[in-house]
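Chemist: Residue-level listing of the chains:
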Amino acid sequence: MATLFLSKLAEITASTLQGDGTLKIHNITSLETASVGDISFATGRKHLVALKKSKASAFILTPELASLSEHPTVLINPSPYLAYAKVIAAFYPDKKPRELRHPSCVIDSSSQIASTVTIGANVVIGAEVSIAKGVVIDAGCVIQAGCHIGKNTRLYANVTLYSDTQIGQQCCLHSGVVVGSDGFGYAPDQGEWFKIKQVGNVIIGDQVEIGANTCIDRAALGSTVIANGVKLDNLIQIAHNVTIGEDTAIAGCSAIAGSAKIGQRCQIGGAACIGGHLSIADDVIITGMSMVPSSITASGVYSSGMPISENRQWRKNTIRFTQLDKMTKKLRALEKQVKQLESKQ
Amino acid sequence: MATLFLSKLAEITASTLQGDGTLKIHNITSLETASVGDISFATGRKHLVALKKSKASAFILTPELASLSEHPTVLINPSPYLAYAKVIAAFYPDKKPRELRHPSCVIDSSSQIASTVTIGANVVIGAEVSIAKGVVIDAGCVIQAGCHIGKNTRLYANVTLYSDTQIGQQCCLHSGVVVGSDGFGYAPDQGEWFKIKQVGNVIIGDQVEIGANTCIDRAALGSTVIANGVKLDNLIQIAHNVTIGEDTAIAGCSAIAGSAKIGQRCQIGGAACIGGHLSIADDVIITGMSMVPSSITASGVYSSGMPISENRQWRKNTIRFTQLDKMTKKLRALEKQVKQLESKQ
Amino acid sequence: MATLFLSKLAEITASTLQGDGTLKIHNITSLETASVGDISFATGRKHLVALKKSKASAFILTPELASLSEHPTVLINPSPYLAYAKVIAAFYPDKKPRELRHPSCVIDSSSQIASTVTIGANVVIGAEVSIAKGVVIDAGCVIQAGCHIGKNTRLYANVTLYSDTQIGQQCCLHSGVVVGSDGFGYAPDQGEWFKIKQVGNVIIGDQVEIGANTCIDRAALGSTVIANGVKLDNLIQIAHNVTIGEDTAIAGCSAIAGSAKIGQRCQIGGAACIGGHLSIADDVIITGMSMVPSSITASGVYSSGMPISENRQWRKNTIRFTQLDKMTKKLRALEKQVKQLESKQ
Numbered sequence: 001m002a003t004l005f006l007s008k009l010a011e012i013t014a015s016t017l018q019g020d021g022t023l024k025i026h027n028i029t030s031l032e033t034a035s036v037g038d039i040s041f042a043t044g045r046k047h048l049v050a051l052k053k054s055k056a057s058a059f060i061l062t063p064e065l066a067s068l069s070e071h072p073t074v075l076i077n078p079s080p081y082l083a084y085a086k087v088i089a090a091f092y093p094d095k096k097p098r099e100l101r102h103p104s105c106v107i108d109s110s111s112q113i114a115s116t117v118t119i120g121a122n123v124v125i126g127a128e129v130s131i132a133k134g135v136v137i138d139a140g141c142v143i144q145a146g147c148h149i150g151k152n153t154r155l156y157a158n159v160t161l162y163s164d165t166q167i168g169q170q171c172c173l174h175s176g177v178v179v180g181s182d183g184f185g186y187a188p189d190q191g192e193w194f195k196i197k198q199v200g201n202v203i204i205g206d207q208v209e210i211g212a213n214t215c216i217d218r219a220a221l222g223s224t225v226i227a228n229g230v231k232l233d234n235l236i237q238i239a240h241n242v243t244i245g246e247d248t249a250i251a252g253c254s255a256i257a258g259s260a261k262i263g264q265r266c267q268i269g270g271a272a273c274i275g276g277h278l279s280i281a282d283d284v285i286i287t288g289m290s291m292v293p294s295s296i297t298a299s300g301v302y303s304s305g306m307p308i309s310e311n312r313q314w315r316k317n318t319i320r321f322t323q324l325d326k327m328t329k330k331l332r333a334l335e336k337q338v339k340q341l342e343s344k345q
Numbered sequence: 001m002a003t004l005f006l007s008k009l010a011e012i013t014a015s016t017l018q019g020d021g022t023l024k025i026h027n028i029t030s031l032e033t034a035s036v037g038d039i040s041f042a043t044g045r046k047h048l049v050a051l052k053k054s055k056a057s058a059f060i061l062t063p064e065l066a067s068l069s070e071h072p073t074v075l076i077n078p079s080p081y082l083a084y085a086k087v088i089a090a091f092y093p094d095k096k097p098r099e100l101r102h103p104s105c106v107i108d109s110s111s112q113i114a115s116t117v118t119i120g121a122n123v124v125i126g127a128e129v130s131i132a133k134g135v136v137i138d139a140g141c142v143i144q145a146g147c148h149i150g151k152n153t154r155l156y157a158n159v160t161l162y163s164d165t166q167i168g169q170q171c172c173l174h175s176g177v178v179v180g181s182d183g184f185g186y187a188p189d190q191g192e193w194f195k196i197k198q199v200g201n202v203i204i205g206d207q208v209e210i211g212a213n214t215c216i217d218r219a220a221l222g223s224t225v226i227a228n229g230v231k232l233d234n235l236i237q238i239a240h241n242v243t244i245g246e247d248t249a250i251a252g253c254s255a256i257a258g259s260a261k262i263g264q265r266c267q268i269g270g271a272a273c274i275g276g277h278l279s280i281a282d283d284v285i286i287t288g289m290s291m292v293p294s295s296i297t298a299s300g301v302y303s304s305g306m307p308i309s310e311n312r313q314w315r316k317n318t319i320r321f322t323q324l325d326k327m328t329k330k331l332r333a334l335e336k337q338v339k340q341l342e343s344k345q
Numbered sequence: 001m002a003t004l005f006l007s008k009l010a011e012i013t014a015s016t017l018q019g020d021g022t023l024k025i026h027n028i029t030s031l032e033t034a035s036v037g038d039i040s041f042a043t044g045r046k047h048l049v050a051l052k053k054s055k056a057s058a059f060i061l062t063p064e065l066a067s068l069s070e071h072p073t074v075l076i077n078p079s080p081y082l083a084y085a086k087v088i089a090a091f092y093p094d095k096k097p098r099e100l101r102h103p104s105c106v107i108d109s110s111s112q113i114a115s116t117v118t119i120g121a122n123v124v125i126g127a128e129v130s131i132a133k134g135v136v137i138d139a140g141c142v143i144q145a146g147c148h149i150g151k152n153t154r155l156y157a158n159v160t161l162y163s164d165t166q167i168g169q170q171c172c173l174h175s176g177v178v179v180g181s182d183g184f185g186y187a188p189d190q191g192e193w194f195k196i197k198q199v200g201n202v203i204i205g206d207q208v209e210i211g212a213n214t215c216i217d218r219a220a221l222g223s224t225v226i227a228n229g230v231k232l233d234n235l236i237q238i239a240h241n242v243t244i245g246e247d248t249a250i251a252g253c254s255a256i257a258g259s260a261k262i263g264q265r266c267q268i269g270g271a272a273c274i275g276g277h278l279s280i281a282d283d284v285i286i287t288g289m290s291m292v293p294s295s296i297t298a299s300g301v302y303s304s305g306m307p308i309s310e311n312r313q314w315r316k317n318t319i320r321f322t323q324l325d326k327m328t329k330k331l332r333a334l335e336k337q338v339k340q341l342e343s344k345q
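Protein chains in written order, with the working numbering: chain E, 1 to 345; chain R, 1 to 345; chain F, 1 to 345.
For the record, the hints were derived by calculation from the structure and aren't laboratory data.
Among the clues, some could well be false.
When chains are identical, the list treats them as one kind, so a pair holds in a single copy or across two.
[Unchecked claim] Below are the PhoX-like pairs computed for lysine-lysine, each with C-alpha atoms no more than 25 Å apart in a straight line:
1) Lys-316 - Lys-330
2) Lys-330 - Lys-197
3) Lys-8 - Lys-339
4) Lys-326 - Lys-316
With the hints as constraints, model all of the structure from the sequences given.
Modeler: Structure representation (structure tokens):
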């Protein structure tokens, strides 16, 4: 690992340096695990105790925490979390892959692959694929005909791209990701299902990250679109013809049904389900496990789902839930009765 | 792409032709994106505005929409959606794979593979596998010992079949699908778990489609059974010893627990969870995110789950939910009090 | 398959033998499918009818069932389910893989692989990987640099291990499993997301089983830890820096958010979601589809979620749910009014 001067870390993070800039820093880690020579960080008052106990030699702190902690060696930054992200990237630069094309990879002669592309063992690349410079494709990936991958994008091992998938620059697709599989479309036909051929594709913008085993279906007609800067966690289902706006982040195990249109800068919690053929405005936050059956037209925080209770209490309450409509009617009846009683006094 | 006469499309879809049958049609697409030379379709009155604006040269319409739209060139059909499915299949015929067996594939000498089977790069086929004619197996698939694959079935890239999996004809398994992995079975043994060897298999009928990264576990004893015509979307979990009846369709991210028996022609919405050791009747519709903890004995539509509200309102209501049982008791007490008050008047 | 004397099965299962120990048994199967020469088992009174009808030649029964059934040939055991697990393991011993290293596998010269390791076709093993004796790695697995795999562990086909993943002894990872992918960590940066490099790893103990297509993310800093004896079903999401205690079992489609700390011997039902940065005590049972947004400090059974009702009834009740807070206030007002009325009498 690199050793970096504290003054260099101040520069990288655009922080105000307080203390000795020539201090050599060897790593960044959590308050609890840091030792002499490390830098650490804290984002709020709840970390004050851990901050005072920490053995780190320097800290990235908000102005408030810096004054509260009175530590002599501090990088003062309005966003220590972002600063930490920048410092860790400096300590752990990307390793250069060791070889450009493993001899076992199978590449169709009609594909166009820039000379600086790294291709791992057993990668299979179909006809008329184009891959820009700096792309890294790990072992076992299968890239079907007509795909395009923009520069510096990385595919980890065992990713599958179906035909005609378009991926932008500086994206990261994790292992097991499937992009471009058929949407779930069938027309009812006398009690059976007649498959609707899915002839669209998937278009993914720049700086998109897609977590392990996440699936993005191709459009029935047209394109499923994932805009620039979108971050998708693991095991997410994106159905056909979905559109996801720029810089929206979606946590693991969520499902977005067909033709849903999600705005920009939304944050969708884990295991949330978004219904089909609806729109979600920009800057909407949806908490985990929420069910979204209809459009959301205004930014804000939206929730559903039921936190746990002790099992017996839950059983009683769920039974009551099934009686809620009756209960409301009883309550109304009672209100009338009481009104009558009151009027007779 | 093919160019087809309108009269041919009328024939394919069994529609009544209204207008010039010699019109050449180049593609089928949505009302909004269609241009001159395209055919499009509409299924209900909600599409009337888009229909009137559409630049398509012809339309597939219900009799009602045909009379309302007054467009001169129409295929009249009771089910335009099914007709669309048939037309798009005509415009986009399956591409014939280019070569039969890639030299990199690894095939056990005891397997029996029909001469017309297409096998992609790096496919691995174990002992005593039998594969019928017309099957297409894309790159990276692993098919373990004793599997059978019926004719014209397609496995997309990176599918894994565990040993003894039986798959019927004209099925389609998407990338990342795993069939035949061990069911989740353990016997408690002094605070630890003793694995129950899963010695059954998976049997899949004809015309079954299985979406990307969906998992179907082998039976503990006997077989996990997916009947003819079943359609499974992406990221579905089918546990050991489940049976799914003919033509049932299950949307993405659903989970079916062990030994559940699901009827024919059911429709199960996304992220629904079906409990173990229960039965679901034929023709049951379960909406998305529903929890099914016990058997359903009659056809019909069943639901659970809570649509979102604004976060603050939701917080209040979930607290109230945990007080529901108390609330019911209060209501009952109040009813008695009011009755007493009334009786005293 | 082996043929085993009944006395041998009594010995394997530590059962009391009742009847002829020289009886030859050919298989173990369910009460319903057993025929002459088979042994079967029953765990409770609910199986009495099936037990009396069963054609099996011998049974593993609790003392109570043994006396109720009056069958002459019985292995009496306090836990017939555990005994079944032991008998089936005796009838179906693991098949020895046929060859040690397939010539197509790609192994970095700096890796250290014990001589008894079995490696399937197209397996890719990176630099400085160490693999202990008896390990079996099926076709298509990719094991990146710096991983360690303990003895007798099995990786089924198409598993991906990211760099520096540590796996203990006698584990079983099913197909499509991804271990060590990046955690979902970004710092907000002027409306965009700045990726936080995930520099930790994943440490998995001994006798851990991981179901198909389950994902376990590497830690941001430090390690994501799965302790000895943990059993994970299919399609589970384990986020970065999660810790799961010994012998905890988690059913399919569950999601554990970042930095959650789950105790020992917990049982978590399918599709449950555990929030981030919380703790769950030892011996906690969480039922399927539960939402756990905060810590659980005492062992016990916890639940949430709403079982299905008929769709129309559900619609009414969910509307009432959104009025619950208002309803509670109305109820309170009514209580006051009634009290006043009563006081005036």
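Chemist: Please list, smallest to largest, the hint numbers that this structure does not respect.
Modeler: Hint check: 2, 3 fail, others pass.
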